[in-house]
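S.K.: Chains as they are written, first to last, in my numbering: chain A, 148 to 227; chain B, 148 to 227.
Since the hints were made in silico from the structure, they are not lab data. Among the hints, erroneous ones may be present.
Copies of one chain are not kept apart here, so a pair can be met inside one copy or by any two copies together.
To be verified - In silico SDA-like links for lysine to any residue, alpha-carbon gap of 20 Å or less:
1. 169 - 180
2. 169 - 185
3. 169 - 206
4. 213 - 202
5. 213 - 163
6. 206 - 181
7. 160 - 209
8. 193 - 206
9. 206 - 196
Listed below, chain by chain, are the residues.
2 protein chains.
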Amino acid sequence: SPLSRNIRCRCIKSHDVVPNVKFLQKLEVIPESSSCPRTEIIATMKRTQEQRCLNPNSKQIQDLLKLINKKRPKETSNQK
Amino acid sequence: SPLSRNIRCRCIKSHDVVPNVKFLQKLEVIPESSSCPRTEIIATMKRTQEQRCLNPNSKQIQDLLKLINKKRPKETSNQK
Numbered sequence: 148s149p150l151s152r153n154i155r156c157r158c159i160k161s162h163d164v165v166p167n168v169k170f171l172q173k174l175e176v177i178p179e180s181s182s183c184p185r186t187e188i189i190a191t192m193k194r195t196q197e198q199r200c201l202n203p204n205s206k207q208i209q210d211l212l213k214l215i216n217k218k219r220p221k222e223t224s225n226q227k
Numbered sequence: 148s149p150l151s152r153n154i155r156c157r158c159i160k161s162h163d164v165v166p167n168v169k170f171l172q173k174l175e176v177i178p179e180s181s182s183c184p185r186t187e188i189i190a191t192m193k194r195t196q197e198q199r200c201l202n203p204n205s206k207q208i209q210d211l212l213k214l215i216n217k218k219r220p221k222e223t224s225n226q227k
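Turn these sequences into a full structure, and let the hints guide you.
M.R.: In structure tokens:
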């Protein structure tokens, strides 16, 4: 049956509220694939190592990714 | 000495060329921290599990992240 397809999404539900970048250890972005038909974004928190799924449709996510890219130290910005 | 600080960046050098999203298993975004003074972006390839560091200053990265966010299936786009 269609339900027997091996769907292995990592997120069941996702948060709309994006954590402050200061508390973020990493952000994993997993594109849609045959394993899971949706993009998944998983935040890992610094101290607790807690993993939290974030809603990829949230505007806040796009803003967070922009913020991360803009925070670059001058000494490495033109490094080869 | 300053050099004895425990710097543990995961990337030594980074690629400017961003892989096609089809071949990408995941993308890890690691904000700058006390362990590493720069943002690191690590792509893991689907078949080979090869990990490749990408240049966060590359315009292609921002475009890739936008593309990933735009590719959302209709059936889940308004799901709660």
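S.K.: Next, verify each hint and record whether it holds.
M.R.: Structure-based check of all given hints:
1. 169 - 180: Classified as between; 8 Å across copies, 30 Å inside a copy.
2. 169 - 185: This pair counts as between: shortest inter-copy Cα distance 13 Å, intra-copy 27 Å.
3. 169 - 206: within (19 Å within a copy, 23 Å between copies)
4. 213 - 202: both (16 Å within a copy, 14 Å between copies)
5. 213 - 163: Answer is both; intra-copy 17 Å and inter-copy 17 Å each pass.
6. 206 - 181: neither (26 Å within a copy, 28 Å between copies)
7. 160 - 209: within (19 Å within a copy, 25 Å between copies)
8. 193 - 206: Close neither inside one copy (23 Å) nor across copies (27 Å); limit 20 Å.
9. 206 - 196: neither (24 Å within a copy, 30 Å between copies)
Figure legend: structure checked against the earlier numbered hints; hints not met, in rising order: 6, 8 and 9.
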